[in-house]
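**Q** Go ahead and model the full structure; you've got the sequences and the hints to work with.
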Amino acid sequence: MTPWLPLVVMAPLVGGALAPVIAIAGARLLRAWSLAVVAVTGLAALRLTLEVAATGPFSYPLGGFKRPIGIELRFDEFSAAILFMTLIGGLALTYAGRYAIRGLPAGGQPWFQALMLINLGGMAGFAVTGDLFNLFVFMEVVSVSSYALVALGDPRMAPLAAFRYLLAGAASSVLILFSIGILYALTGSLNMADVASRLDVEADGMPAILALAGLLTGFLLKAALFPLHTWLPDAHASAPSPVSAVLSALVVKLGILGLLRSWQIFAGAGWAPLGELLAWGGAVSIVAGAGFALFQQDLKRLLAYSTVSNIGYIVMGLGIASQQAVMGASLHVLNHALIKSTLFLAAGALIHQTGCRTLYELRGAGRAMPATSLALTVGVISVVGLPPTAGFPGKWYIALGALDAGRPVFAVVAAAGGLLAFAYYMRVLNALYFWPPTHERVLGVREAPVSMLVPVLLLALCCLAAGVFARLPMAFLEPAVSRLVGM
Amino acid sequence: MEVLDLRPMLAPAISFACAGLVFLLGASDFWRRLWTLGAAVLKFGVILSMLPGSLQGQVYVYRLVDFPAGVGLGFRVDGLGMFFALVSSTLWVLTTIYAIGYMQGRHARVRFFGFFALCVSTTVGIAFAENLLTLFVFYEILTLATYPLVVHDETPEALKAGRKYLLYTLAGGVLVLLGCIFTQGTAGTLTLSQTGILPAEADPRMLAAAFVVFVVGFGVKAAIMPLHGWLPTAMVAPTPVSALLHAVAVVKAGVFGLLRVIYNVFGVDLLRDLGYAYWLAWIAAFTIIAASVMALLQDNLKGRLAYSTISQLSYIVLAAALLTPLAALAAVLHIAHQAFAKVTMFFAAGAIQRSTGKTHVHELAGLGRQMPWTMGAFTVAALSFIGLPLFAGFVTKWYLSLGALQAGAWWFLLVMVASSLLNAAYWLPVLFLAWFRPSVEAPVPVREASLLLLVPTLASAAYVILLGVSARVPGMPFSLAQAVVRFVTGLPEIS
Amino acid sequence: MTEVDALLQNIDYAAAVILFCIGLYVVVAKGNLIKKLLGLNIMETAVFAFIVTSGMVDGGHAPIVTEAATPPFASPLPHALVLTGIVVAVSITALALALIVEVYRRYGTIEADELRETD
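Residue numbers (the working numbering), protein chains in the order written: chain A, 1 to 487; chain B, 1001 to 1495; chain C, 2001 to 2119.
Everything labelled a hint here was simulated from the structure, so no lab data went into it. Keep in mind that the hints are not guaranteed to be accurate.
Said to hold, decoys possible - SDA-like, lysine to any residue: derived pairs with alpha carbons at most 25 Å apart:
#: 1; chain 1: C; residue 1: K2035; chain 2: A; residue 2: T217
#: 2; chain 1: B; residue 1: K1160; chain 2: A; residue 2: F292
#: 3; chain 1: B; residue 1: K1164; chain 2: A; residue 2: P437
#: 4; chain 1: B; residue 1: K1358; chain 2: B; residue 2: Q1104
#: 5; chain 1: C; residue 1: K2035; chain 2: C; residue 2: A2015
#: 6; chain 1: B; residue 1: K1164; chain 2: A; residue 2: A423
#: 7; chain 1: C; residue 1: K2035; chain 2: C; residue 2: E2111
#: 8; chain 1: B; residue 1: K1160; chain 2: A; residue 2: M426
#: 9; chain 1: B; residue 1: K1164; chain 2: A; residue 2: F295
#: 10; chain 1: B; residue 1: K1160; chain 2: A; residue 2: P437
#: 11; chain 1: B; residue 1: K1164; chain 2: A; residue 2: V287
#: 12; chain 1: B; residue 1: K1160; chain 2: B; residue 2: L1297
#: 13; chain 1: B; residue 1: K1164; chain 2: A; residue 2: M426
#: 14; chain 1: B; residue 1: K1164; chain 2: A; residue 2: A416
#: 15; chain 1: B; residue 1: K1160; chain 2: A; residue 2: Q297
#: 16; chain 1: B; residue 1: K1160; chain 2: A; residue 2: E361
No experiment lies behind these values; they were computed from the predicted model shown.
**A** Set out below in structure tokens:
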């Protein structure tokens, strides 16, 4: 069977574990090593993606043990998100090379690289596992490395923000583990397909409902859906910018991916009120996240609240559960990853060069750093959802799906969310380009160094491409979405 | 018949490229002027080159991006789009010349001319939009591109006006998007190539919702009362911007969107069956009268012009809402008539402000002797608005009246008579002051504005007369408008 | 009677749930960061206890293959799971303690309400 599948998970995990050793040989070699590891992972993921596009999902039993005894890795269309993970992770690592000089604690570089790689490996594992317990283990690999990465950030706020993040994250993990335990006790299996087929809410009654509720709450807490978002703004705002990009673009999506993975369990249980709950929860999150973002002065906090709002879109799309809405939600998972990493890396470059974090202090930075600001502007236009950029297709199909399902109210929320996004992102553009600068110093700063600028511009280009060529991912995801909706 | 052609894409691309050039390399006055003027003329040429084909019923098509489910971005030059694009590109040439003169010695000219070009690029994009989604995209970009022009002076007042402008127009834009979603959900397509894509058997609540969100969404930019609040406030902008906003780009984009909704999305037949247009007609009639009364109360010349604009735009809305062929003819024609007359007035007002510093009506006494050419052009435009025969405005009112009679709605004739009287009431005193009252200051010799300001003013005034005198000469906008009306009503011959 | 019977039969589950709730209460209600961490550990312990007991079979033997071993065996899988879970829990605890030390160095306090004032 194909050896590429375990490689996708093992390469970054082993590479990350070796990173502190390699660091002894020099910082330059370390950076080359991590980029090489990410590149190998990316190529393997590309190979697997092409295979899944050609032949459909496939499984790989680790160590040759077949289910239900062995551990099963399963690569389907959603697993192709690993491609986005390696792209964004690789660019964030490239970006971090220069950023680390001022943006990370002294001597933090080896640990940073190691943690980033392990984080990536955990995410890849999460995306390909077909087994509930491994889902939990990989989730913990991602979470623990994320807490540590946040702690590397701005020393004034990072330790406390990391601790709060840890508390919320660990609580949600425990909740998920508890639910997995109940499901195991009820069905005697940890394989998701088996659990789905054996679980019967009618017969199992209260414990089954408790397990599903726990699983749902746990994943939504990881995804930071309002009102479970309280840990997110602190953590994402105080982390180093490349880490913020990975956290906001990818790590919160694991909650969503967890929902998609356990969807078959929920669908098998026939738990009807779930869709309604998710749709309304998402709608509230869209508005609430945007409402908080409107009043943020700190640029990175504003972006963090924007993530809460965008997660709302995705959850709402999943809750509506019509073919088009789920398609829109899946697209938005990927496209939002591109957009938010563009925004965080560009914002990070602005903050890194000027030393200012608030919109008030950053006034006039658009004139001093035109290329970075252009990338930020592309990101802003994308996140607002103007075609032909990346933010449009997802939101468009979510809204159409809402109409399809006979729920125009959610289409209205989707459109209104776009307006609110316009409103708070307009403040960013106003500060960059139109308001007179508050610090003359800001006008004198230099454009970001090339190694930071290139990843930012590449991601901005991706934002445009993902909008223009939206057909491609849609055709690719089509079978997976049909399977989900058909359950 | 449809022809695949690069030119529909080329037209917006020219001004877009011009904007790029100005932003990147526009620091030198000479090159900036050359690019801006060159792009204006080139684009006018490209659009004009499509006119003969368009008159013979040819439709030029170019598709940019396709999404699944039938949506995408693309351009399609039909009669109505051609009409709007011609008007805006002609006026862009004039406004560019004027703006070069007007902005001499002012700050941030690179930004000004860059966004100026971007605005016109998006206006042509709106005109040539192949489907509602493309129209929406350009509609939103237009909002964003005009914002830097409104706040150009960077005074607190300008920034406040800019915020108000954004609040109104972005909210409108979201409603348009919602309308697009409703339409796609109901009709399964957003194309603007047919007359009436919404099926008559659709859920009536959905149709009603779509009509309301479209009317309110486009109505913001079309400044239908009570959605007009942003327009008088936005008067703080430099005068060429006001001319662009009030005659060419922004407000006409709103009106054009409404025409697209009435003729292409709903279709005349469906709207007549539903009866919604009747309400729209009354709202427009109310706006015509109320805005005229407001104009009467303004002493600031640009304020008076703003309310006059609101009133005139609703002529187009009213004419379109009547749904009869002759009224439709009036609606299409008035896009051009109002634009040229209003631009003339703004040019004149700006020239007066630049050379004498006068901004209020009561200060204009004796100005006819001081700036005879400028005031002459102003007079032509004012007489056109009042509706005197031989001027462009008369043609509109004539066909609008005939259209109202066709619809059996004679009471709208009263609205028109009242509006003409009100127009006379607020323009004639201005003319009287300027021509027949002596100046309060010591008599000053003739001191016209610079040629860069004067020539565009006179050119557009001359065109107002030309439109009025020779409306039915073949090749004039009239023949194009007739083709549009034949298409939207499906009748072989009108009038 | 039946309810009491059911409860008594599942006394291990009930205990796990009660323990979990105690832990949750400590995390939410206590202001001291160390106490919050203790609460988290109590929650984790509750879950581990729950999973381990779910593998219990009445009269079962340890699932080790020896000469004397006879069925029924207790399910070995939960033990393996919990072992992994404990490793995760320990690493989280270690990281959290390191963070608390750092917080104390920075702010001079680890009381949540005092920390909120220093924000």
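**Q** None of the hints should be skipped; say for each whether it holds.
**A** Here is how each hint holds up against the structure:
no. : hint                : in the structure
1   : K2035(C) / T217(A)  : holds, 24 Å
2   : K1160(B) / F292(A)  : holds, 22 Å
3   : K1164(B) / P437(A)  : holds, 22 Å
4   : K1358(B) / Q1104(B) : holds, 19 Å
5   : K2035(C) / A2015(C) : holds, 21 Å
6   : K1164(B) / A423(A)  : holds, 12 Å
7   : K2035(C) / E2111(C) : holds, 10 Å
8   : K1160(B) / M426(A)  : holds, 14 Å
9   : K1164(B) / F295(A)  : holds, 18 Å
10  : K1160(B) / P437(A)  : holds, 18 Å
11  : K1164(B) / V287(A)  : holds, 21 Å
12  : K1160(B) / L1297(B) : holds, 23 Å
13  : K1164(B) / M426(A)  : holds, 13 Å
14  : K1164(B) / A416(A)  : holds, 18 Å
15  : K1160(B) / Q297(A)  : holds, 19 Å
16  : K1160(B) / E361(A)  : holds, 20 Å
Taken one by one, the earlier hints all hold for this structure without exception.
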